[in-house]
Amino acid sequence: MPISAGGVAMGAWPRVAMEASELWVGFVGAGRMAGGLVRGLLQAGKVPASNVLASAPSDKNLDAWRELGCRTTHCNLEVVYRSTLVFLATKPHILPGVLEEIRPAVGSQHIVVSLVAGVTIQTLQRAGAMVFSRGSNAGDEEAALLKSLLSSCGLCEEVPESYIDIHTGLSGSGVAYVYLFAEALAEGAVKMGMPGALASRIAAQTLLGAAKMLLETGEHPAKLRGDVCTPGGTTIYALHQLEKGALRATIMDAVEAATNRACDMAKD
Amino acid sequence: ISAGGVALGAWPRVTMEASELWVGFVGAGRMAGGLVRGLLQAGKVPASNVLASAPSDKNLDAWRELGCRTTHCNLEVVYRSTLVFLATKPHILPGVLEEIRPAVGSQHIVVSLVAGVTIQTLQRLLPPGTKVLRIMPNLPCVVQAGAMVFSRGSNAGDEEAALLKSLLSSCGLCEEVPESYIDIHTGLSGSGVAYVYLFAEALAEGAVKMGMPGALASRIAAQTLLGAAKMLLETGEHPAKLRGDVCTPGGTTIYALHQLEKGALRATIMDAVEAATNRACDMAKD
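Chain order of the listed sequences is A and B. Numbered according to our numbering, the first sequence terminates at residue 303, and the numbering increases by one at each position without gaps. Numbered according to our numbering, the second sequence terminates at residue 942, and the numbering increases by one at each position without gaps.
I should point out that these hints are in silico values taken from the structure, not numbers from a laboratory. Please note: incorrect hints may appear among the correct ones.
[Unchecked claim] Calculated lysine-lysine pairs in the PhoX-like style (CA-CA distance at most 25 Å, straight line):
no., chain 1, residue 1, chain 2, residue 2
1, B, Lys821, B, Lys745
2, B, Lys745, A, Lys258
3, B, Lys865, A, Lys302
4, B, Lys897, A, Lys126
5, B, Lys897, A, Lys226
6, B, Lys941, A, Lys226
7, A, Lys182, A, Lys126
8, A, Lys95, B, Lys897
9, A, Lys182, A, Lys81
10, B, Lys941, B, Lys745
11, B, Lys865, A, Lys258
12, A, Lys279, B, Lys865
13, A, Lys279, B, Lys918
14, B, Lys918, A, Lys226
15, A, Lys258, B, Lys714
All chains, please: the whole structure from these sequences, using the hints.
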């Protein structure tokens, strides 16, 4: 007897299609990470909102999804039944229970993508940094689909799974190191007499400009750094301070600590 | 008197329309090059309206490739331009100002990019009444993501300030400030890009230590910087708020941040901004 949930006869599944516009996309879990990803996808016009279904235990997060035009439910199974591409976006400790719950509904037509670790999502278009790995049954077609879908959100690269924890330490958490850096840059300027709001704007713009130079010139950061260093000029005086403060070692410590924590959490 | 075939009695008509503006650069080095690339890419000024001078062809080849006109004669730049950017090295500027002074008139807008040279000095070395502004850009103007601040001299009015701002906003953030902020901007942003490059290098190297190949690590590091910068600029939220948003309790981020605090990262960066700013002030006094 066909099982029905939410009025949809489960025997009649949506036709499987690799066309992104015909793709039925589901999210199990609707928190910040999932929200960032779906905003990026919708903004890029990759998937119509009406093709997106998200589940969460309460309405707390789901209101925002409905405002975007997505469908919502409290039933994880419904997401799996009604979607081809299923993103898992629960908290790590919840995931095992959820997997056990949805397992009976998962079939060969599904592409299951876990966001539970190692994906950095920015809510803004084309500024994210994401890496993904494939399981043994996900082939070139699935990888290409995911990459094409997510490239609208930023840099999206396939990597060996061992890199995912490193990516967490470098980029997932890395954005926080940049926010700290921006705060300190602005505060240095405030100490020297610049008002805070202006200093903050200039600090952020400085980060943006330097990042664009790195990405668009493709030059080694050390080369670009050298280009700015006029002999006896202001920059080399500043860089001496950064070396005295062991800035590089401190940042490497941070990436290492975050990566190790990610590995430890994965073992739990 | 004639120079280069143009009768110098017949000057280009003065106009505030950017597209009809005749723009000159005295000095054609890296910073000037960054600025003109930004202007041209944004379509603010046609390349044929730009004339740059330099002692040798070394820098000027690149300008010709962009479609700009070039010369070895500073006076020609002043005669043929309305908006004149001064972009020489600091120790060369006084000599250049003495050279071009006879040709500077009330129709000119003189904008100095020269580090450490104050508006007071510029006004002293140019004819009385000259409209003078001083600007400090940074190199990412090349990719139209620059950060620039400028100040006006006593004869530069709202119209000149508005023209400069409208022209240069195509290269990035462009704000008018009191002259005392210019040295701070040097320490924060002019030199600041170098601190970011160092930061990017270290981020990537941390990932390499953990096992990621360097090229991938560098790309991700740069993209991480870009994304965080965009979040700051586009949300307008305080960096501490955005930082907190990323800190899941007991998660990877807070472990990393603890390392950054142990390493006194913030104090180190403030030291750098201070050192660069102080150096800028010292250089200005020379």
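Checked hints:
| no. | hint | verdict |
| --- | --- | --- |
| 1 | B:Lys821 / B:Lys745 | holds, 24 Å |
| 2 | B:Lys745 / A:Lys258 | holds, 22 Å |
| 3 | B:Lys865 / A:Lys302 | holds, 21 Å |
| 4 | B:Lys897 / A:Lys126 | holds, 22 Å |
| 5 | B:Lys897 / A:Lys226 | holds, 21 Å |
| 6 | B:Lys941 / A:Lys226 | holds, 21 Å |
| 7 | A:Lys182 / A:Lys126 | holds, 24 Å |
| 8 | A:Lys95 / B:Lys897 | holds, 21 Å |
| 9 | A:Lys182 / A:Lys81 | holds, 12 Å |
| 10 | B:Lys941 / B:Lys745 | holds, 15 Å |
| 11 | B:Lys865 / A:Lys258 | holds, 21 Å |
| 12 | A:Lys279 / B:Lys865 | holds, 22 Å |
| 13 | A:Lys279 / B:Lys918 | holds, 15 Å |
| 14 | B:Lys918 / A:Lys226 | holds, 22 Å |
| 15 | A:Lys258 / B:Lys714 | holds, 20 Å |
Every hint, counting from the list given before, is met by this structure.
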